[in-house]
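S.K.: Residue numbers (full-length UniProt numbering), protein chains in the order written: chain A, 1 to 393; chain L, 1 to 393; chain E, 1 to 393; chain Z, 1 to 393.
These are computed hints drawn from the structure, not numbers from a lab. Some clues are possibly wrong.
Which copy is meant is left open, so a pair is good if it fits within one copy or across any two.
[Stated by the list, open to error] Listed next, the in silico DSBU-like pairs over lysine-lysine satisfying Cα-Cα at most 30 Å (straight line):
{"hint": "1", "residue 1": "K213", "residue 2": "K179"}
{"hint": "2", "residue 1": "K179", "residue 2": "K381"}
{"hint": "3", "residue 1": "K381", "residue 2": "K392"}
{"hint": "4", "residue 1": "K241", "residue 2": "K285"}
{"hint": "5", "residue 1": "K241", "residue 2": "K143"}
{"hint": "6", "residue 1": "K255", "residue 2": "K179"}
{"hint": "7", "residue 1": "K2", "residue 2": "K50"}
{"hint": "8", "residue 1": "K95", "residue 2": "K350"}
{"hint": "9", "residue 1": "K381", "residue 2": "K255"}
{"hint": "10", "residue 1": "K144", "residue 2": "K213"}
{"hint": "11", "residue 1": "K381", "residue 2": "K153"}
{"hint": "12", "residue 1": "K386", "residue 2": "K255"}
{"hint": "13", "residue 1": "K255", "residue 2": "K143"}
{"hint": "14", "residue 1": "K285", "residue 2": "K50"}
{"hint": "15", "residue 1": "K213", "residue 2": "K386"}
{"hint": "16", "residue 1": "K143", "residue 2": "K179"}
{"hint": "17", "residue 1": "K213", "residue 2": "K255"}
{"hint": "18", "residue 1": "K255", "residue 2": "K241"}
{"hint": "19", "residue 1": "K143", "residue 2": "K153"}
{"hint": "20", "residue 1": "K386", "residue 2": "K50"}
{"hint": "21", "residue 1": "K381", "residue 2": "K144"}
{"hint": "22", "residue 1": "K285", "residue 2": "K179"}
Number of protein chains: 4
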Amino acid sequence: MKKLNVGMIGGGFMGKAHALAYAGMPMFFWPAPAIPHRHTVVDVTEELAKDAAAKLGFENYSTDWRAVVNDPDIDIIDIVTPNNTHAEIAIAAAKAGKHIISEKPLALGAEEAKTMLEAVQAAGVKHAVAFNYRRTPAVALAKKYIEEGRIGKILNFRGTYLQDWSADPNSPLSWRFQKKIAGSGALGDIGTHVVDFARYLVGEISDVNAMTKTWIPERPTQTGGVDKLGTVKSAAADVPKEVVDVDDEFISMIKFENGAIGSIEATRNAWGRNNFLTFEIHGEKGSLYFNYERRDELQVSFSDDPSDAKGFRTVYTGPATPYGEALWPIPALGIGYGETKIIETHDFFKSIVDGTEASPNFNDGYRVELIADAILESAEKSAWVKVNDLEKK
Amino acid sequence: MKKLNVGMIGGGFMGKAHALAYAGMPMFFWPAPAIPHRHTVVDVTEELAKDAAAKLGFENYSTDWRAVVNDPDIDIIDIVTPNNTHAEIAIAAAKAGKHIISEKPLALGAEEAKTMLEAVQAAGVKHAVAFNYRRTPAVALAKKYIEEGRIGKILNFRGTYLQDWSADPNSPLSWRFQKKIAGSGALGDIGTHVVDFARYLVGEISDVNAMTKTWIPERPTQTGGVDKLGTVKSAAADVPKEVVDVDDEFISMIKFENGAIGSIEATRNAWGRNNFLTFEIHGEKGSLYFNYERRDELQVSFSDDPSDAKGFRTVYTGPATPYGEALWPIPALGIGYGETKIIETHDFFKSIVDGTEASPNFNDGYRVELIADAILESAEKSAWVKVNDLEKK
Amino acid sequence: MKKLNVGMIGGGFMGKAHALAYAGMPMFFWPAPAIPHRHTVVDVTEELAKDAAAKLGFENYSTDWRAVVNDPDIDIIDIVTPNNTHAEIAIAAAKAGKHIISEKPLALGAEEAKTMLEAVQAAGVKHAVAFNYRRTPAVALAKKYIEEGRIGKILNFRGTYLQDWSADPNSPLSWRFQKKIAGSGALGDIGTHVVDFARYLVGEISDVNAMTKTWIPERPTQTGGVDKLGTVKSAAADVPKEVVDVDDEFISMIKFENGAIGSIEATRNAWGRNNFLTFEIHGEKGSLYFNYERRDELQVSFSDDPSDAKGFRTVYTGPATPYGEALWPIPALGIGYGETKIIETHDFFKSIVDGTEASPNFNDGYRVELIADAILESAEKSAWVKVNDLEKK
Amino acid sequence: MKKLNVGMIGGGFMGKAHALAYAGMPMFFWPAPAIPHRHTVVDVTEELAKDAAAKLGFENYSTDWRAVVNDPDIDIIDIVTPNNTHAEIAIAAAKAGKHIISEKPLALGAEEAKTMLEAVQAAGVKHAVAFNYRRTPAVALAKKYIEEGRIGKILNFRGTYLQDWSADPNSPLSWRFQKKIAGSGALGDIGTHVVDFARYLVGEISDVNAMTKTWIPERPTQTGGVDKLGTVKSAAADVPKEVVDVDDEFISMIKFENGAIGSIEATRNAWGRNNFLTFEIHGEKGSLYFNYERRDELQVSFSDDPSDAKGFRTVYTGPATPYGEALWPIPALGIGYGETKIIETHDFFKSIVDGTEASPNFNDGYRVELIADAILESAEKSAWVKVNDLEKK
């Protein structure tokens with residue numbers, strides 16, 4: 001069976017998730033499209049890189065991502081670094097002829113994303129962007145219902161992504177609060193997942209009209225440097241503070257090209273919401289509701305149910321729903337974060353082996369960036385913005 | 001004990017709810033501020049009026065609302081008729097010196113509402129508008145938490161009101177789909193309840209930015225004429241169709257005077273949602289969630305809970321929460337629609353007896369109409385509208 | 001329209017619920033079978049009785065229940081007093097030729113219940129026992145599904161009734177904790193509702209095997225004397241304590257005559273459960289779940305749903321489900337405690353006017369007492385008990 | 001870092017889960033107690049074994065489990081075969097001085113389990129039984145609350161395990177329906193997980209009183225032979241049928257040595273329930289509820305919450321709850337089946353390296369078998385059975 005060598009740039013939380021997926025993918029999808037080989041992992045210091053290799057099961061480690069990108073043994077470059085590094089690594093990897101999977105958001109903005117898209121297209125390599133939440137089986141089931149017309153023409157999409165890990169003003173200023181590294185705040189970090197859902201499930205977004213807010217204008221400087229999100233302890237009182245220059249929250253109304261309308265919201269200041277990534281979709285023949293916090297479940301209501309037995313069904317995904325044959329033998333054994341990444345890895349490997357386009361790919365990543373840029377512009381102008389008006393030539 | 005005579009104009013579904021409240025209020029709130037006496041009910045034909053009196057327990061009936069309004073025995077005029085009649089009746093009742101409770105929305109628009117407000121102020125009578133959902137004990141509990149600072153300064157309000165009783169294109173065109181009678185569609189009928197929640201819980205709304213949609217542009221003519229909402233059977237194929245000239249759905253972003261932001265949405269095209277009136281509020285110290293479909297419950301999350309026991313609590317309202325001593329002896333015996341109206345009636349009667357202002361009153365009804373007008377104007381202009389710019393002089 | 005005069009014996013919490021039902025029944029069920037007239041209410045002192053009449057809308061009051069029972073103007077005697085008084089009042093009322101509705105449990109035990117049953121049968125009057133929870137529309141919908149065969153032959157019934165209003169050892173010893181007044185504890189007070197569900201939905205119970213527990217062996221003497229349940233404040237430390245001689249909790253396995261099996265549990269020591277009256281039923285073709293705390297909803301799962309859309313539906317009761325046409329015009333406007341009593345009153349009045357047997361009636365009340373007695377005997381003997389072995393000759 | 005070589009006997013669904021855990025454990029728990037090396041996998045045919053090695057990432061494969069058990073390179077034997085083979089393999093492995101982890105139930109009954117326990121004790125090896133569900137972080141959190149006294153002395157435990165993958169009478173007779181291979185039906189397969197919860201969270205069970213039922217007395221012969229549970233398609237009409245000689249359902253009342261009482265139920269005939277493994281625990285100071293279908297969550301209610309903010313909290317496990325630091329950086333990223341196995345693997349490896357007793361171990365497995373035997377005996381005798389009366393000398 002074919003083996004594909006992976007060079008993974010970055011060894012943090014997201015690197016762990018990807019490493020688990022490389023190890024586990026063939027266990028679930030068998031025969032696998034190809035066997036992922038954890039060839040080399042890169043981190044910023046020798047110590048971190050060595051540790052990451054031991055922990056994540058990589059054969060080699062390095063502190064020189066360029067060397068790895070140009071290593072002829074490497075087939076795939078996996079980018080799991082902060083947002084501001086995606087473009088440089090991806091463009092170099094494309095030039096070196098590597099297939100690429102990049103964490104999201106693809107870039108700091110649409111302009112940068114466009115250069116990445118052009119690079120992979122010029123190189124003819126396969127490319128994917130890691131909007132893993134659409135791999136949740138329940139989201140794939142929603143897609144199936146929609147494609148089969150089971151909820152009819154879509155009228156409305158309401159998506160939210162609510163978190164609270166940084167709702168405490170004393171939680172430190174990690175890179176996720178710095179525009180030069182993250183590009184934007186809640187918008188890029190979590191809001192783009194909702195945008196990905198909207199495009200995946202409903203269609204292209206044509207217009208946006210948004211507000212943004214930075215509820216906590218300054219935060220204590222982060223010491224240590226690791227990106228631990230929720231485990232970050234509040235800083236001591238004497239730690240100096242730095243300015244937050246990205247959004248904590250945004251709300252946007254949206255219009256789809258197909259006539260549907262909707263809204264998107266993301267915030268990091270929703271006490272009690274952990275990873276509350278939801279959508280509700282109303283169609284002419286039914287409705288869907290999904291909440292990632294209960295990700296084994298999709299709620300669906302069909303208009304043609306008998307009048308005395310009408311209501312939302314809680315469907316637990318399993319062998320009878322998308323990806324289910326490959327996963328666990330009965331519903332509700334449990335879909336975790338790992339499974340979403342295993343499916344993502346499978347689909348990307350399959351696109352490489354089959355020579356098809358991955359989905360979502362850099363073009364999707366670019367379109368999401370355009371929408372994100374339009375949201376920021378709309379918020380600044382307090383007006384509707386047409387997404388295509390921002391398109392990069 | 002003092003007795004107050006009620007003349008109720010209208011004998012439909014809402015008349016039933018009000019009649020139950022008049023009968024039941026003293027049973028719950030004892031000693032009652034005053035005993036409601038169901039003196040006279042008015043309906044459009046002698047037959048309907050006579051039937052309503054027998055059914056709803058009124059001593060007298062009439063087809064002449066003006067006579068009732070001017071009957072010196074009557075203390076209170078209760079307006080439970082379609083929206084386009086509220087103003088004329090209320091103004092006449094005010095001139096006759098009657099206290100007035102009107103169903104919502106108060107009027108067909110802010111201009112009309114202003115005339116009503118001026119009439120009751122000139123007459124010095126007590127006035128209330130029947131946004132009964134804020135009387136749900138769980139909503140009153142949310143208000144208590146907020147006033148006591150238990151969720152801190154409010155950042156965000158997200159309100160929805162989703163229904164499906166008219167999602168079928170064959171459900172008839174009742175008065176609720178006709179602008180000349182209803183003023184607006186989902187906005188006035190259900191959206192105003194969400195606006196009332198927003199003002200009640202967070203504060204005055206300063207700016208709106210909205211979209212509206214009429215998903216079903218024409219509907220079969222209604223035969224019969226009664227307003228049965230969900231029980232209406234789909235019309236036969238040969239029934240002629242008429243144009244719907246109001247909104248089926250609207251989405252609005254909102255800004256509050258106190259700096260909070262949020263969104264409001266209402267739709268009648270949400271298959272599977274029955275009376276899905278919800279809000280989620282994020283404060284600096286906690287969050288609240290309420291869904292009227294599970295109205296005995298308020299969800300609250302406090303930021304200062306221990307880190308290993310943090311999460312939304314499902315609080316069932318009961319004797320320890322607002323209005324609870326008067327209701328049932330333990331939580332979850334059950335709050336129904338009737339209880340919300342019983343509380344509303346109590347509060348209105350108390351305002352009359354105590355000589356205080358009712359809340360919400362015609363001024364609140366007028367403010368809600370201003371916001372509704374601003375939403376329609378915003379949707380038309382595709383731009384932010386300042387609510388106070390529409391204020392009537 | 002025919003009018004039936006009600007003499008209500010007792011003016012506490014349950015009297016309030018019944019009074020609301022008498023006032024509201026015709027508003028919901030119209031034309032009503034007959035109009036309930038609140039003729040006379042009885043309480044233990046003149047002051048209480050007078051107050052009850054004013055509060056509950058009765059024309060007259062009395063402290064002499066025997067006089068009321070024998071008043072020729074009275075058509076119906078409604079018994080809402082503590083359990084130990086049901087038999088004497090009911091038997092006297094039967095002899096006086098009155099129709100009778102009694103609160104549950106019907107008696108202190110099966111023997112007493114049998115004398116009541118014989119009395120009403122001898123007198124030829126209509127008789128009902130107030131297991132109101134089976135009037136919840138969602139429970140009636142469960143019954144409809146079962147009768148229509150939509151979940152197939154029933155295999156299993158699991159019922160619980162969990163409360164916490166007396167879980168605090170300092171909450172006072174009301175009559176509900178005294179065997180001579182209450183007959184039994186959680187068993188009679190709440191467990192009998194579950195037994196009623198089991199018989200109503202599945203069929204006759206043939207065998208039981210139970211355990212009982214008294215978790216709090218003594219409680220402070222109750223001062224005041226009113227039965228406020230959840231609002232009772234904990235007693236001061238110096239209040240003397242009295243022995244609790246009834247069960248706080250029981251668990252029973254059950255067998256049905258039709259071959260189904262199951263379990264029943266009730267406890268007053270379930271912190272966080274308020275009125276957690278539930279059942280889950282598994283049939284050969286589907287399952288049902290009901291929780292009274294969310295009483296607008298019935299959960300149903302059908303085995304023949306498509307494999308990719310299988311799961312519990314949350315059906316909100318409304319116009320399309322039993323009793324719904326009479327209630328509110330759309331689902332989820334809200335079923336409260338009042339509505340269950342309104343339906344109960346309607347059904348009893350209808351049985352009187354139509355000359356049919358009420359359901360549940362004194363025979364049902366007697367069967368429930370037999371089962372309760374069998375549960376106590378089983379717990380004492382630590383062995384299975386056949387219910388019919390206890391039958392009274 | 002130390003490496004421990006694993007010989008895994010069995011390559012089916014459970015082998016996949018264990019293989020993922022071996023690969024992923026160090027990624028989560030770092031530094032790991034030791035690195036699991038997937039040394040050799042055994043299956044019944046060369047083809048299956050080879051395939052399992054490739055799929056599950058084992059270095060070697062074999063069809064001779066005895067050879068693997070005696071391979072001096074192997075440190076750990078992992079038993080993931082049908083129940084009737086556990087004893088022979090475990091005893092041989094113990095004699096060969098290997099540490100052992102066995103899938104549950106440990107044996108076909110207590111007598112067999114006792115021989116296994118004696119073998120590992122005699123050999124002085126470490127031993128574990130794979131009741132993985134207690135590794136769910138939410139269950140570990142429940143244990144933490146109990147140990148810290150946060151819900152007080154426990155009064156009651158109610159556990160259920162409800163499934164429907166074999167509720168269809170046409171689903172084939174796999175080994176799980178054959179006494180000679182499985183020992184018992186729902187009891188051993190899923191009920192033992194509930195027994196494990198009860199012992200883990202509350203304490204030793206002293207007495208049981210049970211019923212069992214075989215709802216589907218015969219099933220089509222299974223063709224193929226693989227154990228696919230939920231994905232098994234219904235058999236064709238002409239497939240011959242075989243007798244089911246194990247229970248489809250059992251209900252048992254239980255008494256704990258510490259005075260608590262409760263009930264346990266497991267069934268495979270609960271349409272709509274997928275992996276509905278739940279417990280509810282009432283203590284003197286609070287209550288707990290857990291449902292594995294929503295395994296990221298633990299519900300807890302504390303008696304000392306303020307009276308106006310009392311109710312079940314939905315706590316999402318994460319970095320602040322047990323095992324959370326090792327898992328994902330914020331709550332609700334998602335606990336799947338894999339994570340429970342990764343934690344189980346960690347704890348077992350840690351016990352080996354630290355030289356402590358694993359938990360649950362073969363003694364726990366034996367105690368569970370005693371209880372299961374007592375349940376079967378109780379059902380047969382229709383009487384209470386003392387668990388210790390069955391103890392093997």
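S.K.: For which of the previously enumerated hints does the structure constitute a violation, in increasing order of number?
M.R.: Hints 5, 14, 16, 20, 21 contradicted; others consistent.
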